[in-house]
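J.: Just need the whole structure built from these sequences, with the hints factored in.
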Amino acid sequence: MNLEKKENWFKLGQLVDIRESISYITKYLLKMLVYECILLRVLFTVLVCYTFWNFLRFLHEVRRVCPPGLGDLRLPQLDTNSDELLPFYYN
Numbered sequence: 001m002n003l004e005k006k007e008n009w010f011k012l013g014q015l016v017d018i019r020e021s022i023s024y025i026t027k028y029l030l031k032m033l034v035y036e037c038i039l040l041r042v043l044f045t046v047l048v049c050y051t052f053w054n055f056l057r058f059l060h061e062v063r064r065v066c067p068p069g070l071g072d073l074r075l076p077q078l079d080t081n082s083d084e085l086l087p088f089y090y091n
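full-length UniProt numbering puts the first residue of the sequence shown at 1, with every later residue one more than the last.
Hints may be right or wrong, so weigh each one.
[Unchecked claim] Here are the simulated SDA-like pairs of lysine to any residue, each with C-alpha atoms no more than 25 Å apart in a straight line: (1) Lys27 - Val42; (2) Lys27 - Ile38; (3) Lys31 - Thr45; (4) Lys31 - Leu43; (5) Lys31 - Phe44; (6) Lys27 - Arg41; (7) Lys31 - Val42; (8) Lys27 - Leu39; (9) Lys27 - Cys37; (10) Lys31 - Arg19; (11) Lys31 - Glu20; (12) Lys31 - Arg41; (13) Lys31 - Ile18.
Rather than coming from a laboratory, the hints here were simulated on the basis of the structure. From a predicted model like this one, the values you see are computed outputs, not experimental measurements.
T.: Have a look at this one:
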């Protein structure tokens, strides 16, 4: 019976100490937890930056597409001799 117990705890010819195994597993899990937290923080930062960048692109597109006065907060500089803005006002 005693021999069977010893054979169960032999691994590659060495006696495995349960405490060392638990300590190793705990350290490994803590290390993975730290890496996961760092990875999540980086991913969240990238997501926020990407969202902000898309919002800026959206604002730029709104200012480009909208007629003067709707998408632009500044006073529009209109050229009265230009026919470029006629489709916006006569549709």
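J.: The structure should be examined with respect to each hint, and the outcome stated for every one.
T.: Hints and how they fare:
no.	hint	verdict
1	Lys27 - Val42	holds (23 Å)
2	Lys27 - Ile38	holds (17 Å)
3	Lys31 - Thr45	holds (21 Å)
4	Lys31 - Leu43	holds (18 Å)
5	Lys31 - Phe44	holds (20 Å)
6	Lys27 - Arg41	holds (21 Å)
7	Lys31 - Val42	holds (17 Å)
8	Lys27 - Leu39	holds (18 Å)
9	Lys27 - Cys37	holds (15 Å)
10	Lys31 - Arg19	holds (18 Å)
11	Lys31 - Glu20	holds (16 Å)
12	Lys31 - Arg41	holds (15 Å)
13	Lys31 - Ile18	holds (20 Å)
Consistency with the previously given hints is maintained throughout, with no hint failing.
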